[in-house]
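Each protein sequence line maps, in turn, to chains P and F.
First residue of the first sequence: 634, per the numbering used here; consecutive thereafter.
First residue of the second sequence: 35, per the numbering used here; consecutive thereafter.
In short, the hints are calculated from the structure, not lab data.
It should be emphasised that the depicted structure is a prediction, and the values quoted were computed from it without experimental measurement.
All C-beta atoms in this analysis are idealised placements derived from N, C-alpha and C, irrespective of residue type, glycine included.
Do not rely on the hints blindly, as some may be mistaken.
Claimed, not checked - Think about it this way: if two alpha-carbon atoms lie no more than 30 Å apart in a straight line, the pair counts; the simulated DSSO-like pairs of lysine-lysine are:
1) Lys254/F with Lys267/F
2) Lys911/P with Lys959/P
3) Lys966/P with Lys325/F
4) Lys959/P with Lys304/F
Said to hold, decoys possible - Beyond 12 Å from chain F on every Cβ pair, some chain P residues (computed):
5) Gln645
6) Leu686
7) Gln1069
8) Asp1073
9) Glu1141
10) Asp1146
11) Ala1163
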Amino acid sequence: MPSATNQDLIDQWKNEPAPLLPLLHAFHNRDGYLSDDALRAVADGLKTPLADLYGTVTFYHHFSRTPGGLEAPRVCTGNICCMRGGNEILETLKAQGQAATEMPCSGRCDAPIPVLTGHTTLSGETAADLKPTPSPLPVPNPGDIEECLFSNIRKDGNNTLAGYQANGGFSALASVLKDDPTAITDTISASKLAGRGGAGFPTGLKWKAVADCDRHPKSIVCNADEGEPGCFKDRALMDYDPFALIEGMIIAAFATGAPRGFIYLRYEYPETNALLEKCLAEAREAGLLGNNILDSGFEFQLYVRRGAGAYICGEEGSLLNSLEGKHPFPRNKPPFPVTHGFEDKPTAVNNVETLCAVPHIVNKGAEWYQSLGLGDHVGTKLISLSGDILRPGNYEVPFGLPLKTLLYHWAGGPKDGRTIQAVTMAGLSGGFLGHQILEDLTLDDPCIKSHGSFLGAGGIMVFDDTRDMVKAAHDAMAFFAHESCGKCFPCRIGTQRLTERLNGDASELSLADWTNEVNDIGEAMKATSACGLGMAAPFVTESLLKYFPEQVAQATS
Amino acid sequence: MINDPNSVIAAQLSITIDGQQTSFTEGETIYQVSKRLEKNIPTLCYDDRLDAFGGCRLCVVEVEGIRNPVASCTTQANDGMVVKTAPPHIEKMRKTLLEMVASENRQIDVDPLRGLASQELSTLVNKYGARSGRFAGRKSGTTNLQDLNPFILRDYEQCISCYRCVRVCAEQEGDYAITVANRGFETQITAEFGNDLRDSDCTFCGQCVQTCPTGALADKKAIRHEELPEKIKKTRTVCPYCAVGCSIDLMTKGDKIVGAQPAMDGPANKGALCIKGQFTYDFIQHEDRLKKPLMKQPDGSFKEVEWNEALTAAARGFADARAKYGRHSIFGIASGRAPHEAAYTMQKFIRASFGTHHIDNCSRA
Ligand SMILES: Cc1cc2nc3c(=O)[nH]c(=O)nc-3n(C[C@H](O)[C@H](O)[C@H](O)COP(=O)(O)O)c2cc1C
Ligand code: SF4
Ligand code: SF4
Ligand code: SF4
Ligand code: FES
Ligand code: FES
């Protein structure tokens, strides 16, 4: 088959919504990298300045500018993979003459080390046993507590339209379309569902703000960027319950009056990308998406847009800039996306997990959802558990569950003869919690915030007593430095300086000077950074100093 | 934006800044209102001609009821807001931020000939006592030495990634010649594919040079005169090149013209210049400049003569040509550098003295 010409690709995409990323991917896929000529053609085709486009392309980790780059192996050297041989795989592949490079956590911390080549995720303990591997399913319900999000996920065929419908799928949509849009928003508000992407903003309130805004067309954007290290729960939902996400998005669209929606998916999930494209095609075919959904007269068009490797594109302003083809710096707020989002129009940006909960809540009611939490807590949360633990994986926990129950009863505890030294919260963004306080910790924000951290998107990494916590902190900070967008001074310089202070480069500093510098940088970052990345990164050093001062003293002397 | 005290709306909106209550117009930022009150909020990424960016974070202020400080340049004033522009904990963080920025550059002090805003960083570093040498570590930015263009020095080792250059090029010039490549500590100002400026869409207007707060971008022609001992004197004048009439400040050291800078308050240009006004002032003192008329001799060589002689010869030449070939054999082209009055006189001269409509001007814009 003759490959498509530049003009074919441009004609295919230039009149589509949010065309830049898919057009760049089309060239990247055709040529195996983005050549100068490709960038010239794209700039010309989309009438965008070439220098601007060049800057934007170089922002993304996974757009390759060298021939063969698309297929070259990218080995995860994230915190968890570092502890289990990621660097060794990288070195072995390089020694074999492959153009292997590193990538940050690619959301497979519950499986052997992932290596991305082209559109395939290989995985293995060593370079020798790398092979294409489907993403792991959540383990069978470990707690015998009623689940919401995972209630159907382990059933065979649930990720096909027929299978999803057999499990009751799209019944929520059918009932919603007969109802008044404000009633749906009221139900979601009453359920007290809050954002599961990290910030915890009440979902009903967000939808109401979009619905109340009289500027059109509105959009629903699903944040499927899942870039936080140690977070891989959205991956499980999309791989094994993709139609729940689609149904949740259609309901959100109906509630807010949005005729278009996007799923912004991280680059590192190529198999998920293919699956979602297939599911969307099936849903369109079945009249579940399009001009006249289930003959109700309601119109909603849904598109997948693939990112290109940038953690910051999970931050909603940056995500929207990326979708629009702009340089993906975060936006200044206010205004917020609910009034000025995609193409400056009202937009609800919601996390995958948030949206997937919606059909369940519509089906079973707000009270039912509330009752899933323990004690005064409301609802459930997916936790991605990884690291030094016998059964890493995704768990659906009721809010308020003791951490001990999750770690020891559900996930089997640390490996034989080991004890748990620390866990992270919110992937890496919540920093560490030391063994000193884990005994009484419950998984809910009031408790975790009282320890100066937060649950965020629900990634928990476990470090046992063999681990060097300064090294763990270094790897965490190196991630933030790698992903800092460079917009604001405190984060651009601060993440770099903190990384240097954790890798021994600043060892001529006395412990007192070291601590002062680290604290002053952290204070300025937390208070003045322009977005959550820079505000959260100092939790790493702060918690390191709080729980492991003796390890710091040793490392800096 | 200027506050109109007679406006009803303006009278209704009020904000308290450092204990001082004042009215403001909807849409004004905290920074703009504070500036009117002559508050000295430090900034590095701000240029009032550009959209506020929110990068340097030096302008953060405390707003009552909001936990974290807010960037005053990007945050609009709200009715009833109570703001403190310089409480001690914010001043401390400003110092930290300046120490951090200072730590990424090799050089804080640069010659003022580099550019109009080039002293902003060193001024703030001095004001906040931020030469502590704390936060030492890797430096950022790579100076581009291979770009041999005659106008703009691209000394990115002194760059602090405020992106004023990129933004002025896009927002003011509409040229989009330069961009931010990479991210985080690796960000680098560059043209596409790392090209030299002359292979890019750059028009060498010098706007990026003049907005750069560190002198990372510098006027290559001006800095040739760094070593001259005299102090820089600035004289407000008008660019002689075209009828737009951009205001410039001509910089001299002693008798020597050493550079030109755009006047931010120039009524015609508001801080903008083109390549000519910005970089081509040196014809004034150029050794090849003609100061007296030259008259062509029968052997083809030129001889210096007095004005009277030259004008007489020219008049004779015109009269002969008209007599021999007719009045339409003469065509006048006025210089684009001529102001209105001179252009008018020129067409009057061609029409009245030669009797032809063959008159035009070289400016076709
Ligand atoms: C640095 C940074 C990264 C983020 N990454 C993600 C992400 O990968 N996925 C996500 O859903 N939200 C992410 N967020 C949060 C989003 O900005 C936003 O709050 C969220 O998508 C809103 O959806 P929700 O209300 O359903 O949680 C991130 C925020 C920051 C500051
Ligand atoms: S905090 Fe970091 S990631 Fe966020 S805007 Fe600033 S530099 Fe970019
Ligand atoms: S000189 Fe003018 S056109 Fe050239 S890069 Fe600077 S601002 Fe842009
Ligand atoms: S070159 Fe100057 S204006 Fe441009 S980003 Fe660097 S410091 Fe700012
Ligand atoms: S997959 Fe490697 S650290 Fe998460
Ligand atoms: S002036 Fe406000 S952030 Fe730089």
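A quick look at each hint next to the structure:
1. Between Lys254/F and Lys267/F the CA atoms are separated by roughly 18 Å; this keeps the pair inside 30 Å, and the hint holds.
2. Our distance criterion of 30 Å between C-alpha atoms is met by Lys911/P and Lys959/P, whose separation comes to about 28 Å.
3. Straight-line distance between C-alpha atoms of Lys966/P and Lys325/F comes to about 60 Å, which puts the hinted pair past the 30 Å bound.
4. Distance restraint check for Lys959/P and Lys304/F: the Cα-Cα separation of roughly 28 Å lies within the 30 Å cut-off, and the hinted pair is therefore satisfied.
5. The Cβ of Gln645/P sits about 24 Å from the closest Cβ of chain F, beyond the 12 Å cut-off, so the non-interface label holds.
6. A Cβ of chain F approaches the Cβ of Leu686/P within 12 Å, the least distance being about 8 Å, so the stated non-interface status is violated.
7. Listed as outside the interface, Gln1069/P is consistent with that label: its C-beta sits roughly 27 Å from the nearest C-beta of chain F, beyond the 12 Å cut-off.
8. Here Asp1073/P stays apart from chain F, with its beta-carbon at least about 27 Å from theirs, past the 12 Å limit.
9. At roughly 9 Å, the least C-beta separation between Glu1141/P and chain F is not larger than 12 Å, which violates its mark as non-interface.
10. Listed as outside the interface, Asp1146/P is inconsistent with that label: its C-beta sits roughly 8 Å from the nearest C-beta of chain F, within the 12 Å cut-off.
11. Here Ala1163/P does not stay apart from chain F, with its beta-carbon only about 5 Å from theirs, under the 12 Å limit.
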